[in-house]
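Enquirer: Going down the list, the sequences are from chains A and B. Going letter by letter, the first sequence gives residues 29 to 317 in the working numbering. Going letter by letter, the second sequence gives residues 29 to 317 in the working numbering.
Simulated from the structure, these hints should not be mistaken for laboratory data.
Listed next, the stretches of chain A that the computed footprint assigns to chain B, with coverage defined by at least 3 CB atoms under 8 Å from CB atoms of chain B: (1) 142-153; (2) 170-177; (3) 191-199; (4) 208-219.
Computed far set for chain A versus chain B, every beta-carbon distance over 12 Å: (5) Thr-30; (6) Gln-32; (7) Pro-57; (8) Pro-66; (9) Lys-72; (10) Glu-128; (11) Pro-180; (12) Lys-182; (13) Glu-235; (14) Met-269; (15) Ser-288; (16) Asp-308.
Using N, Cα and C, we set each Cβ at its ideal position, and we do this for glycine too.
Protein chains: 2
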Amino acid sequence: MTSQRLFDLILERRSYLCVGLDSDPALIPNHLLAEPDPVFAFNKAIIEATREYCVAYKPNLAFYESQGASGWESLRKTIEFIREGGNSQPGNTSAAQPNEPSHFILADAKRGDIGNTAQQYARAFFDQLGVDGITIAPYMGADSVTPFLGYPDKWAVLLVLTSNPGSADFQMLSVEGELLHERVLRLAQTWPGAERLMFVIGATHPERFARVRSLAPEAFFLVPGVGAQGGDLAALSRAGMNSQCGLLVNSSRGILYASSGTDFAAAAGEAAREVQRQMDALLRECIGR
Amino acid sequence: MTSQRLFDLILERRSYLCVGLDSDPALIPNHLLAEPDPVFAFNKAIIEATREYCVAYKPNLAFYESQGASGWESLRKTIEFIREGGNSQPGNTSAAQPNEPSHFILADAKRGDIGNTAQQYARAFFDQLGVDGITIAPYMGADSVTPFLGYPDKWAVLLVLTSNPGSADFQMLSVEGELLHERVLRLAQTWPGAERLMFVIGATHPERFARVRSLAPEAFFLVPGVGAQGGDLAALSRAGMNSQCGLLVNSSRGILYASSGTDFAAAAGEAAREVQRQMDALLRECIGR
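Throw the hints in and build the complete structure from the sequences for me.
Expert: Put into structure tokens, the structure is as follows:
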């Protein structure tokens with residue numbers, strides 16, 4: 029997906045919400061456990077309920093890999109379901125047209141390995157799973173990231189400043205006059221193919237948004253950490269939005285587990301809709317669109 | 029596996045070799061492609077040929093994940109095969125006794141994610157796949173690593189100084205009077221459960237071994253980068269060995285692809301045996317055992 033198409037979707041849906049499919053078999057509603065593939069049944073219902081209110085889905089690979097081969101299969105089916113327009117009712121008029129993907133799909137995998145291995149991962153995620161982006165860890169440097177940058181309209185989403193408490197351990201260290209995450213953000217933009225990079229900036233660091241935006245004015249930021257982790261949507265949007273929005277704000281637990289009963293899908297839809305309403309107002313306020 | 033058991037295996041086999049199972053479907057010998065599971069057939073033959081000469085196996089997850097659900101199945105069978113003693117001949121007298129694993133199994137996954145996700149990965153790798161260790165990336169800090177440190181006799185193998193060219197990009201930066209990888213190595217040892225950490229130190233940095241050994245005198249180092257990447261086994265062993273050896277030196281491509289013909293297993297066995305002979309001499313030279 030091109031960044032222009034992503035911005036078009038944002039304007040169309042009045043939303044820059046990414047729904048994180050951290051679908052934990054231990055947390056999905058009990059009544060789904062009788063399904064042949066409970067995780068897929070859960071994802072399907074969540075996607076049907078939220079698709080009008082979000083522009084992206086982000087399955088976190090850990091929750092699928094922890095189920096072994098069957099988890100991998102749940103993930104494949106989930107991606108296929110999103111690609112088919114995210115609606116199991118044939119004839120639904122809002123289903124996306126062919127060749128116009130309705131949602132950006134991001135594999136939250138946080139991979140990072142040496143060149144020949146990174147190539148394998150790039151093939152696995154882009155060619156075989158068919159996602160639009162994959163999250164990548166920066167510690168191993170350029171040759172662990174650039175293999176992901178050779179796929180047209182595919183994105184490597186580099187960890188820069190994460191939302192968790194441990195982000196303070198290394199990312200905030202001073203290195204030669206700047207902070208480590210600032211160095212990561214600056215240096216990565218000099219690598220070949222850097223125009224296919226997005227960056228992870230955690231919502232739990234609202235005071236850092238203006239600075240990181242100044243270091244990467246055009247890039248999209250993937251922003252985890254609102255909801256359960258406590259980030260403030262309005263504050264980070266005001267500091268971080270650019271003229272093409274430039275933000276994908278993720279919510280996982282706050283939407284997936286809005287209710288643990290048989291009404292979980294309706295509750296997820298309502299939670300996503302509430303975020304979408306706030307985003308509608310923030311788009312108007314911040315970029316007048 | 030305890031570190032004492034690992035050291036016992038090293039003395040028994042006169043080897044601290046780890047064979048990296050980077051089993052690339054595009055590189056395995058053609059005649060195996062007719063097998064129902066070519067990657068497993070390849071691994072099985074490699075394990076049978078090398079098991080006497082190594083103490084550890086390290087499947088790199090990228091090569092399995094890139095095959096989707098079937099790759100996950102090849103991996104599961106490979107781990108089971110190593111656990112069964114790595115020999116398909118029933119009655120073979122060198123098969124390991126129950127409860128005495130014959131090899132340390134390390135999932136080279138380079139994972140690193142926030143707490144609740146790291147828990148999922150720990151369960152997937154330790155409880156379900158049943159490996160002894162998993163490689164972890166440090167960038168996200170303490171709470172991305174400590175969930176792996178709560179499993180008795182299981183190991184988190186933290187990236188400190190990697191073998192690839194990109195290791196220079198961030199790992200060698202000066203942070204407040206030391207290098208970033210030194211900071212990672214020092215700080216990680218203060219985390220709860222740190223006695224279950226090993227550290228990745230690439231063979232391509234022979235000049236750094238004495239220093240990193242002084243910062244972590246007791247720990248095991250996993251050392252990638254000999255063979256195809258050019259690291260010098262003798263030099264790094266002389267600078268890095270401690271009284272319990274403290275080294276697991278990995279070779280992947282130099283062993284797996286020693287021959288691309290029908291004699292690939294014999295050639296792999298011979299390549300592993302050659303490394304084992306050098307290690308035998310180095311154990312004698314460096315620690316007199």
